[in-house]
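Chemist: Protein chains in written order, with our numbering: chain A, 1 to 313; chain B, 314 to 637; chain C, 638 to 931.
These aren't lab readings, by the way, just hints derived from the structure by calculation. Positions of the beta carbon are idealized from the N, C-alpha and C atoms, including for glycine. Mixed in with the good hints, there may be bad ones.
[Said to hold, decoys possible] Below, in silico cross-link-like pairs of lysine-lysine (DSS-like), each with a Cα-Cα straight-line distance of 27 angstroms or less:
1) B:K465 - B:K441
2) A:K228 - B:K465
3) A:K86 - A:K59
4) B:K345 - B:K401
5) A:K3 - B:K465
6) A:K59 - A:K275
7) B:K441 - A:K228
8) B:K401 - A:K228
9) A:K275 - A:K86
10) B:K457 - B:K441
[Claimed, not checked] Computed spacing ranges between beta-carbons, pair by pair:
11) A:R178 - B:S378: 55 to 61 angstroms
12) B:Q456 - C:A825: 56 to 62 angstroms
13) B:G535 - A:V244: 51 to 57 angstroms
14) B:T581 - A:I306: 53 to 59 angstroms
15) A:I164 - C:K692: 29 to 35 angstroms
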Amino acid sequence: MLKFLFRRLILLLPVLLIVTVLISSLLYFSPGDPVQVMLGIRANPEAVAAIRAELGLDKPAHVRYFIWLSNVAQGNLGRSLQRNEKVLDLIAETIVPTLEITFFAVFISVFLALPIGVVSAVRANSWVDHLLSFFSLFWVAMPGFWVAIMALLLLSMHWGIFPISGRGGPIWSVAGLRYLLLPGLILGIRQVAIISRLIRAGMLEVLNADYVRTARSKGLSERVVVYKHALRNAMIPTVTIFGVQLPEFLSLAVIIETVFAWPGTGQMLVDAVLKRDYTLVQGIVLIYALLVIAMNLVVDMLYAYIDPRIKHE
Amino acid sequence: MAHLLEIDDLRVRFRTEFGAIKAVDGVSLALKLGQTLGLVGESGCGKSVTALSIMGLLGPSGQISGGDIWYHRGNDRIRLSGLHPRGKAIRAIRGNEVAMIFQEPMTSLNPVFTVGHQIMESLILHQKLSRPQARRRAVELLQKVGIPWPDKRVDQYPHQLSGGMRQRVMIAMALACHPALLIADEPTTALDVTVQAQVLELMLQLQSELGMAILMITHNLGIIAGMAQDVAVMYLGRVVERGPVREIFHRPWHPYTRGLIDSVPPLTGPVRLKPIPGSVPELRSLPAGCRFRPRCDQALGVCAEMEPVLKEVAPDHLAACWRC
Amino acid sequence: MSREQAKTPGSESFLEGALRRLIRDKAALAGTAIILALIVLAVFAPWVTSHDPVKQDFGRLLTAPSWEYPLGTDQYGRDVLTRIIYGCRYALIIGLAVSAIHLVIGVVLGLLAGYYGSWVETVIMRLTDVMLSIPSVVLAVVLAGFLGGGVQNVIIAVGAIGWRAYTRLVRAEVLSTKEETFVEAARAIGCSDLRIMFRHVLPYTLGPVIAYTSLGVATAILWAAALSFLGLGAQPPTPEWGAMLADGREYMADAWWIATFPGLAIMVTVLGFNFFGDALRDTLDPKAEGRLRE
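For reference, chain A alone in the conformation it holds in the complex (with noise of 0.2 angstroms):
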């Protein structure tokens, strides 16, 4: 297990290098200027120039890309250009809740999708499929800032169910989870439409296989045969694509962190991008990419987890 680890991690150190030289070479030739914006447009030109040497800003591009490299390889993300503080302090800072409601939608999304998609495909094509199906497609349609908006609307303002932004405490509190609920679930609920259908298209192949009529020839509740024999292998190529749609869950997050006031990562990154604070922008990306990367990991141990044929390749 460790060995298959250690070989996908290696081959995944040159995707996150093509990462950060196209993010950063994204951002060195854009147009705009982060000095300019934080002295104001009206800003003395010597002075601008001033900074942006102090900054290291006027140094050519590679030269540039490869001393932020070279720190990032010792553990320095740099230092914000417009907070000026550590980059690395502001990412943990706020990491933590972003991974709290990411986590949290996931388990949600998880929690929700299989039962749901377990039962369309046990009873496909009636009523109770298509109602599901129906919603799903709704859910899937509908704009996760709106849905997160309205939710606001009427949940928090209205109705006062939900406090209105903000961040109660860390997940184990009980007033962290007060606050976390709606953002989470906001979050989570439109995937929970996108797993089911997958859940549900891997059982209505299972369900026709020779291995449950087996099951059921053993004698076993239709219980067991389903949701032990038919769903395990239904996982598998559900895990695949659930591994694709996971770094959405991390996109999505960004748009309820801004709607919701969330001090999370997301948040900070489009503040990040409209003051154009480079290294800031650099570093988040960067963190952003490994935890994908990790999470592609995680899918692929559960993968080989579930599928034994894999592990023997």
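Since the structure of chain A is already known, use the hints to place chains B and C on it.
Modeler: Okay, now just chains B and C, sitting in the frame of chain A:
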């Protein structure tokens, strides 16, 4: 000896997009402990459906629309056909007193569980064994069916075994709880010829050891000759001839049976294939009168008007043909 | 053997089957209607509504929906309904432009990857993997943000992130098509690779691609609206739906209509393209049923 299983005028109906189809239309069979009944016929004649109805495995679109299936346990007579297919009663019998093995060992075993686990399931369910106990039994069973190094194999997955071994595993799985009846639906059709012989011999050996009845479904007459005491020939959902194997083979009465036997090329002498002319008609467009008439070279006038019924043509030997 | 056991779990009665087909066709009908309405509104906007979408009217700030202003007015006194109608233009333009970019990039890369295989395929697929390592919104945000705002840059930003699905689709189709005998025949008579790819193989791959395009347009509109919502896309006073949502956010408590209706417009549009896309897919790529899109 009383019969273990009696099928009495069984009728099975399927709902399809073309309407209802009578896959089985009046089949009567009987089995005794320790004996093998062969069920022979071409694809689509209803032999598998008959087997599945015994186990209640017809699926949501199939239904027993007439007749009964009686199962004798000691002094009790249980009406299998009346049990709900997903109910507790039939599940207590499935895998426990009546077991089934299927044609495709590769797809009939669940790829994500070890073979040991799959064998252990019925042991834990029906015999209430603990996990370590069940595991020991599983290893014993694997050894009994002739799998070398059973203590290693028990933790392996189906894809790590060969076709013949997988079928042995299926047999082990089926026989785990010492069923009184083993239904074998074309168990060797997907295997190599040499492996076929091994598996069949294993089944015979286990039968003489454990004394169960076997319902052997196949289209291969050679297997019947080697394994069964009695045979029933099916065509288009009905039994057209029934009796002891030797009798049927030496004195086949029904033209279809005769055709089947004749179409097996002889091992010696000049080879001249004699197929049965024509092809099996669709179940939804059955001819009037005797179902075999369009392909029969000895049809009489009455054959076009009325369906023949099974009549005794010799002791214990029944055939459904107007020529008797 | 088990084929005698009829097909699926829950075989439906005739009534259920007819109902299902009816719902399907209704959806396709609805989808087409929505798209047509979108096009009509976009083209004939000035004739459909008499109000001005960008002119501010300080006498009518934040009025609730009424007869004269069916969807209310926003914080600058502009008629929300009018802005939504003009917004159709942006939705259409963005959707089509982005899809065009996706198609071109995706189809070309998919063709190359599928046809040449070996290192070309590896490079292209690795590139796709790299793109997948960055969450889509993150990349779009960075792109749109650093290019400056505006509809044009939104198109570029969203265009850069959605072509992966097309590449994968096209590659899969090419892989199966290139084994066909007519391709061999073309090669035998000396057609250049380029010619074979574009004249012989490409037409056969277009079925599922076109089927997916409708859904692709829907996704593009969603993403663009999201970017505008974050302030990185269409800038005020552009009546783009996402931007309108951003505006409306501030006034949620007092004037809920400013945010609600543009959101509805987005949803209806996306639904429309989805329905239409499903119907297209059933016709052009029936084996895709049940296959999930990215």
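Chemist: None of the hints should be skipped; say for each whether it holds.
Modeler: Each hint tested on the structure:
no., hint, in the structure
1, B:K465 - B:K441, "24 angstroms, holds"
2, A:K228 - B:K465, "24 angstroms, holds"
3, A:K86 - A:K59, "21 angstroms, holds"
4, B:K345 - B:K401, "25 angstroms, holds"
5, A:K3 - B:K465, "24 angstroms, holds"
6, A:K59 - A:K275, "20 angstroms, holds"
7, B:K441 - A:K228, "19 angstroms, holds"
8, B:K401 - A:K228, "18 angstroms, holds"
9, A:K275 - A:K86, "16 angstroms, holds"
10, B:K457 - B:K441, "21 angstroms, holds"
11, A:R178 - B:S378: 55 to 61 angstroms, "59 angstroms, holds"
12, B:Q456 - C:A825: 56 to 62 angstroms, "59 angstroms, holds"
13, B:G535 - A:V244: 51 to 57 angstroms, "52 angstroms, holds"
14, B:T581 - A:I306: 53 to 59 angstroms, "55 angstroms, holds"
15, A:I164 - C:K692: 29 to 35 angstroms, "33 angstroms, holds"
Hint compliance for this structure: every hint is met.
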